[in-house]
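*Asks:* Sequence:
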Amino acid sequence: MILKFITKSLMSIQAATLAVGMLSFANVHAQESKIAFVSTERIFREAVPAKAAQTKLEAEFAKREKDIQDMAARLKAQSDKLDKDAAILSESERVKRQRDLADIDKEFQRKQREFREDLNQRRNEELSVVLERTNKVIRQIAEAEKYDIVFQEAVYASKRIDITDKVLKELAK
172 MILKFITKSL
182 MSIQAATLAV
192 GMLSFANVHA
202 QESKIAFVST
212 ERIFREAVPA
222 KAAQTKLEAE
232 FAKREKDIQD
242 MAARLKAQSD
252 KLDKDAAILS
262 ESERVKRQRD
272 LADIDKEFQR
282 KQREFREDLN
292 QRRNEELSVV
302 LERTNKVIRQ
312 IAEAEKYDIV
322 FQEAVYASKR
332 IDITDKVLKE
342 LAK
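Taking my numbering, the leading residue of the sequence shown gets 172, the next gets one more, and so forth.
FYI, nobody ran anything at the bench for these hints, they're computed from the structure. Hints should not be assumed to be uniformly reliable.
Simulated pairs of lysine-lysine, DSS-like, Cα-Cα distance not exceeding 27 Å [to be verified]:
| # | residue 1 | residue 2 |
| --- | --- | --- |
| 1 | Lys-277 | Lys-267 |
| 2 | Lys-227 | Lys-237 |
| 3 | Lys-307 | Lys-277 |
| 4 | Lys-267 | Lys-307 |
| 5 | Lys-344 | Lys-234 |
| 6 | Lys-247 | Lys-227 |
| 7 | Lys-267 | Lys-234 |
| 8 | Lys-227 | Lys-307 |
| 9 | Lys-330 | Lys-317 |
Label-pair ranges, simulated between beta-carbon atoms [unchecked claim]:
| # | residue 1 | residue 2 | range |
| --- | --- | --- | --- |
| 10 | Glu-278 | Tyr-327 | 30 to 38 Å |
| 11 | Glu-212 | Glu-278 | 45 to 53 Å |
| 12 | Leu-228 | Lys-337 | 51 to 59 Å |
| 13 | Lys-282 | Glu-316 | 48 to 56 Å |
| 14 | Arg-331 | Ala-243 | 19 to 27 Å |
| 15 | Phe-232 | Lys-337 | 30 to 38 Å |
| 16 | Lys-330 | Arg-304 | 18 to 26 Å |
| 17 | Arg-294 | Lys-237 | 47 to 55 Å |
| 18 | Asp-333 | Asp-238 | 19 to 27 Å |
The beta carbon of each residue, even a glycine, is placed where N, CA and C say it ideally should be.
The task is simple: from the sequences and hints, build the whole structure.
*Replies:* Below you can see the structure in the form of structure tokens.
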């Protein structure tokens with residue numbers, strides 16, 4: 172019984188010693204580490220390549236977006252006209268116009284969905300190019316300034332370790 176107690180006590184002391192040793196090592200190691208942070212949100216919002224990609228997408232999709240807006244305006248105008256004329260239309264004419272309006276609405280919904288899908292696909296393609304270039308710049312800065320780790324997401328990051336401005340400057344070149 173006493174032997175078990177002594178054995179458990181020794182094991183507890185060893186575990187505590189190991190834990191203290193690990194914490195000490197972690198503290199020493201953490202003090203030696205050089206850490207940085209980059210705000211990907213700011214990169215995508217402010218970087219020259221990101222702005223260029225956004226401008227490119229806007230130009231590429233401007234005509235289709237205008238066509239969809241025009242189609243929406245026509246659809247609304249026809250719907251308003253049907254509502255206004257419904258009282259004086261014959262039953263068959265009113266039903267025909269409702270069907271035509273429903274067909275136009277389906278076509279509008281289809282075009283709008285295709286537009287969103289195409290835009291999202293192209294946006295993802297463009298942003299992946301920006302992200303690839305950004306990651307390359309981050310690696311170059313990290314290696315040049317001897318950072319051990321660079322975080323791209325954090326709940327909180329001190330301005331002291333934020334290298335976003337450096338990355339933006341390099342991306343502007």
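*Asks:* Against this structure, judge whether each hint is valid.
*Replies:* Taking the hints in turn, this is what the structure says about them:
no.	hint	result
1	Lys-277 to Lys-267	15 Å, holds
2	Lys-227 to Lys-237	16 Å, holds
3	Lys-307 to Lys-277	45 Å, violated
4	Lys-267 to Lys-307	60 Å, violated
5	Lys-344 to Lys-234	31 Å, violated
6	Lys-247 to Lys-227	30 Å, violated
7	Lys-267 to Lys-234	31 Å, violated
8	Lys-227 to Lys-307	22 Å, holds
9	Lys-330 to Lys-317	18 Å, holds
10	Glu-278 to Tyr-327: 30 to 38 Å	49 Å, violated
11	Glu-212 to Glu-278: 45 to 53 Å	37 Å, violated
12	Leu-228 to Lys-337: 51 to 59 Å	27 Å, violated
13	Lys-282 to Glu-316: 48 to 56 Å	50 Å, holds
14	Arg-331 to Ala-243: 19 to 27 Å	50 Å, violated
15	Phe-232 to Lys-337: 30 to 38 Å	33 Å, holds
16	Lys-330 to Arg-304: 18 to 26 Å	24 Å, holds
17	Arg-294 to Lys-237: 47 to 55 Å	18 Å, violated
18	Asp-333 to Asp-238: 19 to 27 Å	43 Å, violated
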